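Engineer: First to last, the protein sequences are chains A and B. -12 is the number of the first residue of the first sequence in my numbering; add one for each residue after it. 86 is the number of the first residue of the second sequence in my numbering; add one for each residue after it.
Where hints are given, some of them may not hold.
No farther apart than 20 Å at their CA atoms in a straight line, the calculated lysine to aspartate or glutamate pairs in the DMTMM-like style are these [to be verified]: (1) A:Lys32 / A:Glu(-7); (2) A:Lys144 / A:Asp172; (3) B:Lys107 / B:Glu133; (4) A:Lys141 / B:Glu118; (5) A:Lys95 / A:Glu328; (6) A:Lys18 / A:Asp36; (7) A:Lys276 / A:Glu254; (8) A:Lys141 / B:Asp93; (9) B:Lys107 / A:Asp109.
If you want the ones that stay clear, here's a sample from chain B, every Cβ over 12 Å from chain A, calculated [to be verified]: (10) Asp93; (11) Pro119; (12) Glu133.
Please keep in mind that the hints were generated in silico from the structure rather than gathered at the bench. In this text the structure is predicted, and so the values were computed from the model without any measurement. Note that the Cβ used here is the ideal one computed from N, Cα and C, for glycine as well.
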Amino acid sequence: MRYVDEFRDPELGRVLATEILAAVEPGRHYKFMEVCGGHTHSIYKYGVDDLLPENVELVHGPGCPVCVIPMGRVDDGIAIARQAGVIFTCFGDMMRVPGSAGSLLEAKAEGADIRMVYSPLDALRIAKQNPDREVVFFAIGFETTAPSTALTLKRAKAEGVANFSCMCSHVTIVPPLRALLDSPDLRLDGFVGPGHVSTVVGARPFEFIPADYGKPIVVAGFEPLDILQAIRMILAQLAEGRCEVENQYSRVVPYEGNPRALEVMAEVFELRPHFEWRGLGFISQSGLKLSDAYADLDAELRFSVPGVRVADPKACQCGEVLKGVIKPWECKVFGTACTPERPIGTCMVSSEGACAAYYNFGRFAREREVV
Amino acid sequence: MRVERIDDARGLALCAAEDGSKSTVEIALVSVEPGDRVLVHAGVALTELSTA
Chain A
-12 MRYVDEFRDP ELGRVLATEI LAAVEPGRHY KFMEVCGGHT HSIYKYGVDD LLPENVELVH
48 GPGCPVCVIP MGRVDDGIAI ARQAGVIFTC FGDMMRVPGS AGSLLEAKAE GADIRMVYSP
108 LDALRIAKQN PDREVVFFAI GFETTAPSTA LTLKRAKAEG VANFSCMCSH VTIVPPLRAL
168 LDSPDLRLDG FVGPGHVSTV VGARPFEFIP ADYGKPIVVA GFEPLDILQA IRMILAQLAE
228 GRCEVENQYS RVVPYEGNPR ALEVMAEVFE LRPHFEWRGL GFISQSGLKL SDAYADLDAE
288 LRFSVPGVRV ADPKACQCGE VLKGVIKPWE CKVFGTACTP ERPIGTCMVS SEGACAAYYN
348 FGRFAREREV V
Chain B
86 MRVERIDDAR GLALCAAEDG SKSTVEIALV SVEPGDRVLV HAGVALTELS TA
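Let the sequences and hints guide you as you build the complete structure.
Structural biologist: Shown next, in the form of structure tokens:
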């Protein structure tokens, strides 16, 4: 398969692993964060970590869009979905995310009209097909998904689809990275930067990481060779005393991003003063809401929502996992009370969640294999 | 996905995945022609894939 097979070549993988082994300083421990949940999934699906030297540790960042949605937002969604005449739509992963009194999937089983969609455009189509019903789209995701929501809202407005609205829970990637870098809990040596977010925002927004914090970052693709090459590039920066933003994923990511996507996002969205992240708490200017020009399509203004902050279950350590402070298998309920079939925390729900990746690919507290 | 046909009036394209499955994709954010390959996320083409 073009654009895929050539980035899964085992021989090239061994060459890169050998180069990485040659690049590390014996006795030094390297800790790199892969920001994106897609990277976490690939690393454990393809066993990338098994190809790394013992002293190169990968920790998992907050880049899984489902994982960072707090319980209170799920409760708000369920409250809208239960209202008479509403068709509530969301991405499949969101259906199983636990709120304080169950998930959207459970609310659907109890009679709410909740439908899974692959795109916000599908939700708009449902609205056009059901003019006598109110159709709400639960918008989640980082800058990768936000343009799709923005274009859908523009289309709804242009076509006068009055029974469509959006519960906007989009988030942005830079504020949580800055919060993590400011946290005393974590010492990182570099970042594997998010690939798909960067197709929209470009690599430039990450320049604060080397400039303000003195850490290298390499924006990377999602195939095993992409990730190995990105790690080799970070190690090269460290060895040469460089500290900058590099773009390993240049076949997809323009350094300046997608100006048209940024323009439509700026028109449809504005930053919230603060937004709650699951496990991370409130982070300033990290969430998006609809701009004044699109306020008539804002489901939170159209419907009554509880808007109550709900604490995570005490047993759940998603916050520590999302900050890279602990590994998933170090959580007290990992693989016992919390499994993909019956998740307690969001990190066990989505395929991009670190806990689900560890669980599904059998990455428990086993000994590392020495390359 | 590979762009197969473009509907300029609606800003949509018919795109084919490697497995042959086809879907309608919003192309307002990219400048593409039939035969181009695009990265699609949530029904929207975000970028054209470079062969470089």
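Engineer: Against each hint, give a clear statement of whether it holds in the structure.
Structural biologist: These are the hints, each one checked on the structure:
A threshold of 20 Å between alpha carbons decides the hint, and for Lys32 (chain A) with Glu(-7) (chain A) the separation of about 17 Å falls inside it, so the pair holds. At roughly 45 Å between alpha-carbon atoms, Lys144 (chain A) and Asp172 (chain A) are farther apart than 20 Å, so this suggested pair is violated. Between the alpha carbons of Lys107 (chain B) and Glu133 (chain B) the distance comes to roughly 17 Å, so the proposed pair stays at or under 20 Å and holds. Proximity of Lys141 (chain A) to Glu118 (chain B) is assessed by CA-CA distance (about 23 Å); at most 20 Å being required, the pair is judged violated.
Between the alpha carbons of Lys95 (chain A) and Glu328 (chain A) the distance comes to roughly 17 Å, so the proposed pair stays at or under 20 Å and holds. Distance restraint check for Lys18 (chain A) and Asp36 (chain A): the Cα-Cα separation of roughly 12 Å lies within the 20 Å cut-off, and the hinted pair is therefore satisfied. A hinted pair counts as satisfied when its Cα atoms are at most 20 Å apart, and Lys276 (chain A) with Glu254 (chain A) qualifies at roughly 11 Å. Distance restraint check for Lys141 (chain A) and Asp93 (chain B): the Cα-Cα separation of roughly 17 Å lies within the 20 Å cut-off, and the hinted pair is therefore satisfied.
Distance restraint check for Lys107 (chain B) and Asp109 (chain A): the Cα-Cα separation of roughly 15 Å lies within the 20 Å cut-off, and the hinted pair is therefore satisfied. Listed as outside the interface, Asp93 (chain B) is consistent with that label: its C-beta sits roughly 15 Å from the nearest C-beta of chain A, beyond the 12 Å cut-off. Against chain A, the non-interface label of Pro119 (chain B) holds: every CB pair exceeds 12 Å, the least being about 17 Å. Listed as a non-interface residue, Glu133 (chain B) fails to keep its Cβ farther than 12 Å from every Cβ of chain A; the least gap is roughly 9 Å.
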